[in-house]
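Each chain, letter by letter, is given below.
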Amino acid sequence: MANPMNQFEVKTIGPKIEIGNFDISFSNASLFMVITVATISLLFIFATQKKSLVPSRLQLLAEMAYEFVAKMISETAGSKARPYFPFILTLFLFVLFCNMIGMIPYSFTVTSHIIVTFALAIFIFIGVTIIGFVKHGFGYLKLFVPSGVPVVLLPIIVVIEVISYLSRPVSLSVRLFANMMAGHTMMKVFGGFVISLGLVGGWLPLGFSVALTGLEILVAFLQAYVFAILTCIYLNDALNLHH
Amino acid sequence: MLRVLIFSIFASSAAFAAESGGMPQLDPNSWVPQIFWLIITFGGLYIVISKIVFPRLSESIEQRNDYVSDLVDEAKTLAEKTEKLNNEYKELISNSKKEAQETITNGRKKLNAEFDKKKNELDKNISELTEKAEKEIQSFKSNSIKDVQTIASQVSGELLKELSLNDEIDQNIIIKKIEDISKKKMGELN
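Residue numbers (numbering that gives the first Met the number 0), protein chains in the order written: chain A, 0 to 242; chain B, 0 to 189.
Quick caveat, the hints were computed from the structure, so don't treat them as lab data.
You may find that some hints are simply not true.
Said to hold, decoys possible - Here are the simulated SDA-like pairs of lysine to any residue, each with C-alpha atoms no more than 20 Å apart in a straight line:
#1 A:Lys-10 to B:Thr-81
#2 B:Lys-50 to A:Lys-187
#3 A:Lys-10 to B:Lys-160
#4 A:Lys-50 to B:Ser-57
#5 A:Lys-50 to B:Ser-68
#6 A:Lys-50 to B:Asp-26
#7 A:Lys-187 to A:Val-218
#8 A:Lys-10 to A:Asp-22
#9 B:Lys-183 to B:Ile-172
#10 B:Lys-160 to B:Ile-173
#11 A:Lys-134 to A:Ile-232
#12 A:Lys-10 to B:Phe-53
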């Protein structure tokens, strides 16, 4: 049976490129990032070209994505988060399309790499922290002091709050990465079973594979949604500071 | 439940991977190029979305919302107008009903008056006619009595002559007799 982890291997395409000491070679991971971005860009630019009053199907799709994200932001972070709308939309679409394109057989799932999700999460974490301190100054530290807590418990609570705040990028990135990797590994394992059991016993894992494909498409959407909505919630903490 | 399943499989697959060379995700050599390309692609996508897609989408959605709210406003004003017109119409109807009622009562009064007048006239005519007729009848009655008297007297004269009473009897005596008799008879009749 083929190693189910092989699908996650990053293979350099073309020559090795280096800037200074940094290796920035183009790989299959980079290729799929480019494909994802190109797909989203072309789809949305084409869909929004006409701006017709009665939208075409494609335009409707783009507007649905827009309104989905708009609703998500207004429900979690309120109107103050309006300037960050394009970023949240970009984030949601990027993660969603990376997950979905990863569902195509023989493709590469960009979000199944912890470094990618962690880079996104740490960027969000740092960004949100900066926004919080810019908006509230040192008052942002009140985030770690929940109101209505007995003074005796305060030191413990503050420590817990700080730890939970600092672990946000880790939980955010590991959630997405682990879901993606686990799902794809599972599908690969069941696919391998289909081959090894052959015509006699291969039908059962084949059925599982089919069911898993459906499940994974759901997870692909759900994780993109969770990633975006958690970003909105963190943004809400930074903007509105009611804890 | 789902997460437990996924994580258990994740753990088992990680163990499986560890046996045969480990997870490719944990190879630090692949990190820097991935971060670099992530920044390039994600940044590019952010520029495309914030500069092209987002303004277009918000414009078209806003445009549609404006259009819809315009239509809603128009519908509201039209509804108000309809309400106003409806009220006017109702007023008109009630006014004309009142007017019609008035006309009917006036007409009825007028007709009644005219009817009474005509009736009185007719009554008068009728009574006049009746009077006249009565008079005629009366005169006819008396005339006829006179005629009858004359005829009777002549007939009786003739009769007496024929009955060989040679002496001519004075006509006047006969008339007088007849008158007496007829008066007596009339008195009996009356």
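Pair hint B:Lys-183 and B:Ile-172, alpha-carbon separation not exceeding 20 Å:
Satisfied, since the Cα-Cα distance of roughly 16 Å is no more than 20 Å.
Sort out whether B:Ile-173 lies within 20 Å of B:Lys-160, counting only the CA atoms.
Given pair B:Lys-160, B:Ile-173 holds - Cα atoms ~12 Å apart, limit 20 Å.
Within 20 Å, alpha carbon to alpha carbon, are B:Lys-50 and A:Lys-187?
Cα-Cα ~40 Å, so violated.
Does B:Ser-68 lie within 20 Å of A:Lys-50 when you go C-alpha to C-alpha?
holds (18 Å)
Checking one constraint from the list: CA of A:Lys-10 to CA of B:Thr-81, max 20 Å. Satisfied?
violated (73 Å)
Could you grab the alpha-carbon distance between A:Lys-50 and B:Asp-26 and see if it respects the 20 Å cut-off?
Not satisfied, since the Cα-Cα distance of roughly 46 Å exceeds 20 Å.
Agreement of A:Lys-187 and A:Val-218 with the hint, judged by alpha carbon distance not exceeding 20 Å:
At roughly 16 Å apart (the allowed maximum being 20 Å), A:Val-218 and A:Lys-187 satisfy the hint.
Straight-line Cα separation of A:Lys-10 and B:Lys-160 no greater than 20 Å?
Distance ~179 Å between A:Lys-10 and B:Lys-160 Cα, so the pair is violated.
Straight-line Cα separation of A:Lys-134 and A:Ile-232 no greater than 20 Å?
holds (16 Å)
Take a quick look at whether A:Lys-10 and A:Asp-22 sit within 20 Å of each other, Cα to Cα.
Holds, at about 13 Å.
For the pair supplied as a hint, A:Lys-50 and B:Ser-57, is the alpha-carbon distance within the 20 Å limit?
holds (10 Å)
What's the verdict on A:Lys-10 and B:Phe-53, does the C-alpha distance respect the 20 Å limit or exceed it?
Violated, at roughly 34 Å.
Violated hints, listed in ascending order, are 1, 2, 3, 6 and 12; each of the other numbered hints is respected by the structure.
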